[in-house]
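Chemist: What follows is each chain in one-letter form.
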Amino acid sequence: MSAAVDPEAVTYVLAAGNPAVERLIAQARGLGGPVVAVVAGPESLPLAVASAGVDRVLWLGRCWTAFPEAEPGAESGNSTGAELGAGTGAGTGELGDDRPAEAYAPAVADLVVSQPGNVLAGRGPAERVWLGAAAAALDAPVLTGVAELGLVDGQVVAVREVGGGIGQETVAFDGLVCVMTEGRRPVEPLAGPQDSARAEVAQLAAGFYPMTVLQATPAPGPGVDLAAAKLVVGAGRGFACQGDLALAERLADAMGAAVACSRPLAEGLGWLPKDRYVGISGMQIAPDLYLAVGISGQLQHMGGVRGAGTIVAINKDPGAPIMAQADYVLAGDLYELLPALTAAVAGEQR
Amino acid sequence: MKIAVAYKWAADPSEASVNADGEVDWSRAKPAISEYDAVAIQVARELADAAGSGLIGLTAGPLEVAAPLAAKAALSRGLDSLTAVADDSLAGADATRTGRALAGAVQRDGKISLVIMGDCSVDEGAGLVPAVTAGWLGWRAMLEANRIEIDGTGLLIERQAGGAVEKISFAGPAVIAVAAGAVKPKPPGMKDVLAAAKKEVIQLTAAQVGVGLAQGEVLARARLETPARRGVLVDATDPAAAVARLIGSLATDGILAGGPK
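Protein chains in written order, with this note's numbering: chain A, 2 to 351; chain B, 1285 to 1545.
If you're looking for bench data, these hints aren't it; they were derived computationally from the structure.
Model, not experiment: these values are computed from the prediction.
Glycine included, every Cβ here is placed at the ideal spot set by N, Cα and C.
Be aware that one or more of the hints could be misleading.
[To be verified] Coverage of chain A stretches by chain B, computed from C-beta distances (three or more under 8 Å per stretch; other residues unrestricted):
no., stretch
1, 22–33
2, 209–216
[What the hints assert, rightly or not] Cut-off 25 Å, straight-line C-alpha distance, at most; resulting in silico cross-link-like pairs (BS3-like, lysine-lysine):
no., chain 1, residue 1, chain 2, residue 2
3, B, K1468, B, K1451
4, A, K275, B, K1451
5, B, K1468, A, K275
6, B, K1356, A, K275
[Unchecked claim] Residues from chain A that keep clear of chain B, each with C-beta distances beyond 10 Å, as calculated:
no., residue
7, G244
8, D276
9, Q326
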């Protein structure tokens, strides 16, 4: 079969209201062609993405975004808790600030058909909607769990996880692909004016579905972007009750870390919200440090932290699977070790 | 508004194993209706009841998805009928082909205007099929919904994303994926199981709903190489000494600033 993928073809990275695209860009570079970011959000968002190392930014228009970093100088009232226009032209509604990013799905589909290219997106709900629109428009296979991506002799070659992360396949495609990439880091703000490093931003006359965000209020409990956290404390079944999670929270506070958990804590016991659950079917994160506390180390969970720089395991059971999958292993009682660690990190230990 | 709910008849990968050649062995893992799909079916049933509509089940996969055991497992959860795109060419199908199969079944029906799905499948867990199905249909899509309300001719969706709870309103046909915690699914009772045996099952082939061939050629398989971890044992007999050593090591590695004072 003749190879079909043009090495000069663009690679699209989709940023639906969330400026965190660094990981996508790194993966897109593996395909060789120019990298074009497709974004929706306030004006500041395409500008932030333009400095993140892409070749071109296409701005579809404004949309509602809950990501405060999307608007660095904006007053905080704009990012959370804002009562938005109800689509009647009230307030800023006419400009599209009350439009969910999902509304631009048809624009993404039209774009990838008019200038075909491979498409990469993160796991956010709006990014997935855009990626799905692109995959159907291109009739391109959707790949997940992709560790490596490249273009070899006109074929897209991907190394990806299969079977929920227990196996790995190298697959070659004669046509374009759509890739969902896990885990994100926010764009690091560049120091000083960096206009030379800034890619061109073009506004597309984009079609959209009429959809309205009527209201947005801060979610109960502190919002956590686990994917962006550099230090993460993960809690598992080793905690005897929900109240004991305070030990993990205190340690995380002292370290400046985010708290994550294994699936049973979020989905069975409901001790923590679902956006804290790390695993193959939950969040997949790659922090610099993952401190697994009372986590046995089942495949389901470890698949979500495979990309962590360093893994520390604290577990009572020296035979737990996690002990063979960590860089530092402390076989002991979390009820003694966590307070000691918290005190030491806070510098209170004598 | 005619409502459908799509689900995947799939096995939990925690029951699968991988052999030395990297081939995944699913033989000990039994397919079932996952928790995610049970939530979606219940949400869809409640919506259909509120709207006075019937509830059509949709599924796509290899022939076994239309087998009596599989069909009854889904029907007993409150579906009125089932349309199954059952074709062995769909074994291991990616989201693009699964979405095409589901969209094709929706288009064949012609009257469905709302499709509910679960948060993600239990085996792939990518959460992409609802989005791709909407793409094939040219419909609106919204994921991670905690509440769905039919409001006249439109929909009112409540969902939590990016640290905010959002209320979103729109009209038009749509595919909505519900969050895993949207409701607590009730297990089917004996009556439901008995009634399921009498419900209609429509079976379609992949060709009947316009699904193309699988793309991609597998060049190599391997057991997943996890990054080698150092496995340094830190003696935890004395907690204070143990954490001091740990912090010292992490500081040396450049992960934590400073060390114990």
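Chemist: All hints are to be evaluated individually against the structure, with a verdict given for each.
Modeler: How the hints compare with the structure:
no., hint, verdict
1, 22–33, "violated (count 0)"
2, 209–216, "holds (count 7)"
3, B/K1468 - B/K1451, "holds, 21 Å"
4, A/K275 - B/K1451, "holds, 19 Å"
5, B/K1468 - A/K275, "holds, 14 Å"
6, B/K1356 - A/K275, "violated, 30 Å"
7, G244, "holds, 21 Å"
8, D276, "violated, 8 Å"
9, Q326, "violated, 6 Å"
When each numbered hint is compared with the structure, violations occur for hints 1, 6, 8, 9.
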